[in-house]
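Undergrad: Sequence:
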Amino acid sequence: MKNKVLLLTLILSATLFTAISCKKIFLEFVADTLMSAFDLWEDRPQGIPCNQALSNATINIQELTFDMDHMLCININMDASDFDNMRNESKFGPNIYEDDGNAACAVLVEYAGKCDVPFPSYYNWYSGDLTIDGLSLSDVGLRKKGFLGSIFSTAPSMRIITNKYVSGQNIGGTQRITLNNNSQDDTRIWTSLGYKIFELANYPAPRTNFANVSINDEALGVYTHLEPIDEKFLKRAFGNNAGHLYEGQIIDFEEKWLPRWDAKTANTNQVGLPIIDIAEDLDLPDDKLISALEQDLNIDRFITFWALEVLLALDDGYCSNRNNFFIYFDPNDGGRVTFIPWGLDYHGENESSLENFVHAELPRRLSRIPAMASKFETELQRLLDDVWDEPAFLSFIDSAATKVTSAQIDPDYQNKVDNLKTWILDRRTFVKIMLATGLPKGNEKESNKCTND
Numbered sequence: 002m003k004n005k006v007l008l009l010t011l012i013l014s015a016t017l018f019t020a021i022s023c024k025k026i027f028l029e030f031v032a033d034t035l036m037s038a039f040d041l042w043e044d045r046p047q048g049i050p051c052n053q054a055l056s057n058a059t060i061n062i063q064e065l066t067f068d069m070d071h072m073l074c075i076n077i078n079m080d081a082s083d084f085d086n087m088r089n090e091s092k093f094g095p096n097i098y099e100d101d102g103n104a105a106c107a108v109l110v111e112y113a114g115k116c117d118v119p120f121p122s123y124y125n126w127y128s129g130d131l132t133i134d135g136l137s138l139s140d141v142g143l144r145k146k147g148f149l150g151s152i153f154s155t156a157p158s159m160r161i162i163t164n165k166y167v168s169g170q171n172i173g174g175t176q177r178i179t180l181n182n183n184s185q186d187d188t189r190i191w192t193s194l195g196y197k198i199f200e201l202a203n204y205p206a207p208r209t210n211f212a213n214v215s216i217n218d219e220a221l222g223v224y225t226h227l228e229p230i231d232e233k234f235l236k237r238a239f240g241n242n243a244g245h246l247y248e249g250q251i252i253d254f255e256e257k258w259l260p261r262w263d264a265k266t267a268n269t270n271q272v273g274l275p276i277i278d279i280a281e282d283l284d285l286p287d288d289k290l291i292s293a294l295e296q297d298l299n300i301d302r303f304i305t306f307w308a309l310e311v312l313l314a315l316d317d318g319y320c321s322n323r324n325n326f327f328i329y330f331d332p333n334d335g336g337r338v339t340f341i342p343w344g345l346d347y348h349g350e351n352e353s354s355l356e357n358f359v360h361a362e363l364p365r366r367l368s369r370i371p372a373m374a375s376k377f378e379t380e381l382q383r384l385l386d387d388v389w390d391e392p393a394f395l396s397f398i399d400s401a402a403t404k405v406t407s408a409q410i411d412p413d414y415q416n417k418v419d420n421l422k423t424w425i426l427d428r429r430t431f432v433k434i435m436l437a438t439g440l441p442k443g444n445e446k447e448s449n450k451c452t453n454d
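The opening position of the sequence shown corresponds to residue 2 in the numbering used here, with each subsequent residue numbered one higher.
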């Protein structure tokens, strides 16, 4: 869906014009787009309750399984008023329904133009009881999650910490559980398929499977059980977890923007000092950039990440929108940065232009250096030849769709699945056109999204 990116772009652009109110942004600039998107986010198919039963597939090597062949059955019981409060919260403070969403938008507009301050987070923690495949825990920590697109839903995306209130408590060895509501993907499949394609490209990415979720006996349908990007993930994906880990949301490598980067582990420098080296590299002219940057960034791995974002049309990722990513300073790679994908909530339209993928600072600068542009094109072609496997992806979709239909009632679901299949089948043609046209040069000068410079 483009609605989320369009809305966020217009909000960020509107910060340049102080006379434009948040209400005007919603009601005048993107009224039709936003309301259709809002209606879509709220129109969740009726869920089908699952039956709690012990399964040998629930736990895999001391953690909850991420096996796509097994759908977790998750029941949560919590105070009814707490649940109402949780699902109506926004990251920015105001209730999502307050002033038709404009109150939360006003706070977003305020912060969107200030890249030198962190985004606020007004989500609260609540207590509840959790049962997964017949395994039960009491008094676990529950919190809504989401930045913008997924928050307008009666079925909230959630973080669960099993030991938040009871020390040492876990379920099958797992203490942190992330559940995404898939509100921007009407097939519920894309998140899992997208990360699977990263995995097939031998690129570090979170694992997923499905969960059928009910809260207070209200069947909320299909969620994605998503591996958190934390110390356990780092140990699995990189063989260590001692490096600095940051999450990036609407941010880039500018020294004065360090407070916007979100440090995620105890080992991580909390004020973002390791990021300064890359910011300083990007201040260098083209003829000096690569020799400096390759000391701080695994450039080959970044080019793979960049090409994967293009291949999957991730128009709300780093390269297109400076959003939805983590960076890890990997001690096993000389402390150089590797990007980690996040927020694969939907795919963009099938378009044949690469212009949207040279917006962020790294692709902008690299696209202007012929050797790097050539490397990118070669890598995109390799991924298309070696990783993009339409029969395998269609089989994945069919298998996943069977599980989704067991957990929700949606008479139009097959049409939605067919649309995803068509997108997959058409994608190769569009990428070939991109390759034939070649990578365009990014702008000569940086295009800041922040107005406090």
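FYI, nobody ran anything at the bench for these hints, they're computed from the structure.
A quick note: this is a predicted structure, and the numbers were derived from the prediction, not measured.
Glycine included, each C-beta is placed from N, C-alpha and C at the ideal position.
Don't take each hint at face value.
[Said to hold, decoys possible] What follows is a list of derived Cβ distance ranges for each label pair:
no.: 1; residue 1: Ser354; residue 2: Glu99; range: 35 to 41 Å
no.: 2; residue 1: Pro392; residue 2: Tyr123; range: 43 to 49 Å
no.: 3; residue 1: Glu99; residue 2: Lys233; range: 25 to 31 Å
[Said to hold, decoys possible] Straight-line alpha carbon distances no greater than 20 Å define the calculated PhoX-like cross-link-like pairs of lysine-lysine that follow:
no.: 4; residue 1: Lys197; residue 2: Lys422
no.: 5; residue 1: Lys146; residue 2: Lys289
no.: 6; residue 1: Lys146; residue 2: Lys165
no.: 7; residue 1: Lys236; residue 2: Lys265
no.: 8; residue 1: Lys422; residue 2: Lys433
no.: 9; residue 1: Lys289; residue 2: Lys442
no.: 10; residue 1: Lys257; residue 2: Lys446
no.: 11; residue 1: Lys197; residue 2: Lys404
no.: 12; residue 1: Lys376; residue 2: Lys442
no.: 13; residue 1: Lys233; residue 2: Lys257
no.: 14; residue 1: Lys197; residue 2: Lys233
no.: 15; residue 1: Lys197; residue 2: Lys236
no.: 16; residue 1: Lys433; residue 2: Lys404
no.: 17; residue 1: Lys233; residue 2: Lys165
no.: 18; residue 1: Lys376; residue 2: Lys433
no.: 19; residue 1: Lys265; residue 2: Lys165
no.: 20; residue 1: Lys289; residue 2: Lys376
Undergrad: If you draw a straight line from the CA of Lys265 to the CA of Lys165, is it 20 Å or shorter?
TA: Holds, because 17 Å separates the two Cα atoms, which is no more than 20 Å.
Undergrad: Within 20 Å, alpha carbon to alpha carbon, are Lys197 and Lys236?
TA: Distance ~19 Å between Lys197 and Lys236 Cα, so the pair holds.
Undergrad: Compare the distance between the alpha carbons of Lys422 and Lys433 with 20 Å, and conclude whether the hinted pair is satisfied.
TA: Within the cut-off at roughly 18 Å; holds.
Undergrad: Is it true that the CA of Lys376 sits at most 20 Å from the CA of Lys433?
TA: Answer holds: Lys376 to Lys433 is near 16 Å, not above 20 Å.
Undergrad: Measure nothing beyond the straight line between the CA atoms of Lys233 and Lys257; if it is 20 Å or shorter, mark the hint as holding.
TA: violated, 31 Å
Undergrad: If you draw a straight line from the CA of Lys197 to the CA of Lys233, is it 20 Å or shorter?
TA: holds, 19 Å
Undergrad: So if I understand the rule, the pair passes when the alpha-carbon distance is 20 Å or less; does Lys197 with Lys422 pass?
TA: holds, 16 Å
Undergrad: Starting from Lys289, check that the Cα of Lys442 is at most 20 Å away, please.
TA: holds, 18 Å
Undergrad: Lying within 43 to 49 Å: is that true of the beta-carbon distance Pro392 to Tyr123?
TA: For Pro392 and Tyr123 the Cβ distance comes to about 46 Å; the hint holds.
Undergrad: Does Lys376 pair with Lys442 here, judged by a C-alpha cut-off of 20 Å?
TA: holds, 14 Å
Undergrad: Holds or violated: Lys433 and Lys404, Cα atoms, limit 20 Å.
TA: With a Cα-Cα distance of about 33 Å, the restraint between Lys433 and Lys404 is violated, given a limit of 20 Å.
Undergrad: Holds or violated: are the alpha carbons of Lys257 and Lys446 at most 20 Å from each other?
TA: Roughly 17 Å separates the two Cα atoms, so the pair holds.
Checked against the numbered hints above, the structure violates hints 3, 5, 13, 16; every other hint is satisfied.
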